[in-house]
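K.L.:
Protein sequence lines correspond, in order, to chains W and H.
Take 1 as the starting number for the first sequence in our numbering and just add one per residue.
Take 1 as the starting number for the second sequence in our numbering and just add one per residue.
These are calculated hints, taken from the structure and not from any lab test.
For glycine and all other residues, C-beta sits at the position ideal for the given N, C-alpha and C.
Do not rely on the hints blindly, as some may be mistaken.
[As the list claims (entries may be wrong)] Interface residues of chain W toward chain H, partial, derived using beta-carbon atoms under 8 Å:
hint : residue
1    : P195
2    : L196
3    : A202
4    : N286
5    : L288
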Amino acid sequence: MTGLLSGFILSLCVLVALGAMQARNLFTAVMLMGIFSLLVATEFLLLDAPDVALTEAAVGAGISTVLLLSALALTGEKEQSRPVHQGVATFVIVVTAILVVVATFEMPLLGDPSAPVQTHVAAEYIPMTRDLIDIPNIVTAVLASFRGYDTLGEVIVVLTAAIGVLFLIGPDAPDPRRGAAGSPRITEGLKHHQPLRIVGKAVIPFILLFALYVQFHGEYSPGGGFQAGALFAAAIILYGLLEGRPAAASIIPPRVLRMMAAIGALLYGGVGVVTLALGGNFLEYNVLASTQTTAQQIGIIVIEAGVGITVAGVLLAIYHAFAARGRA
Amino acid sequence: MNWVDILCAAMGIAGGFFVLVGGIGALRMPDLFTRMHAASLTDTLGSLLILSALMIQFGLSLATLKLVAIAIFLLFTSPVASYALANAALLSGHRPIVARGDQPDELDLDDLLIREPELPEAGADGVRPEQNR
């Protein structure tokens, strides 16, 4: 049954992806990509990966769509048609597709116990999580402790992406509120749409609460810093969409957001430096407290907070950069 | 199979039926507004029926509480989403197909449109009060 549903969702993914490629209207393409992300999130959930599903739904279907729409506000709605070399492109695509399909026959079947992914380190992580860290969510244990270096790298990648975007399109736009004689000449947001504002404002506190829950409950249930950061950013972006970007910027100014992005990564790396100073290896949490499980849990909570701060700061900084440019 | 299961099955099937009808309507209706109408109303009823069936099935438990939360969330957000979509469509120039009956073009659809209020000149009060609260 799960296999059938999985096949159905993956087929839908292919159809939606083809539709997004065919669409000449870029708004249509963006919406189809959002649907694609939601389908992929469902597929992750079917494969018992709720942590990844949560990330995909929040980032892929939620914030990416908003960022792409903000980018579309800077460009046009229609894709320009230009001559393409159909023959060469078709040849390359067909060859690649055949190679990929052939390669899948060599892959182990889904859930095969003798697959390399099951036999290598996963078999050791499960008992080690229980004995050394003592938290229920093994994904968080792997992400934050066993593979802490990788996650530090991911946080740095996220930070680097934000730096790249801000260099390209510029962090500072003229603030519309400081226009002529203090009178707002540019209306933003959906202030004249009462239904949207009222329902939106009713929903935002729950999104923020859920973000905090996902952040601090990440050791016990699906979630963690990445998902929480994305949810937090989504709540602020929703406020910005409803009330206009300046209102969102007055909650957390873009200056602070850029600092948040750096502070989160610094907090993560700082934990590593502290463990070095206490006589351990880089990111070896065991030296943080007297008992090992407590030390591991402290380390995980602190670095997850760092991840959450960086992700929220980066997503919001990119949103402000796009949206401010669209209105400036 | 007791009466609870039968009730749940009936509600689930009815919910699925409404969602299906909404899907057919979204494909078959002539213009965007009627399509939205078909999809949004049936979706609300269909999802509520399915959620209610699940609530009855789970009884008094944490899962039911979560389902109630989802139902409330859907009741609030899906009509608002339809409103936003219809208004965005009107703003971007879509006009509904109106019946060519006795009063064909009497209805000025631009009056239905909630636009951004006109920006007031400095000192002038050009904003209609019901729009700017």
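K.L.:
Just pull the numbers of the violated hints for me, sorted ascending.
P.N.:
Per hint list: 4, 5 violated.
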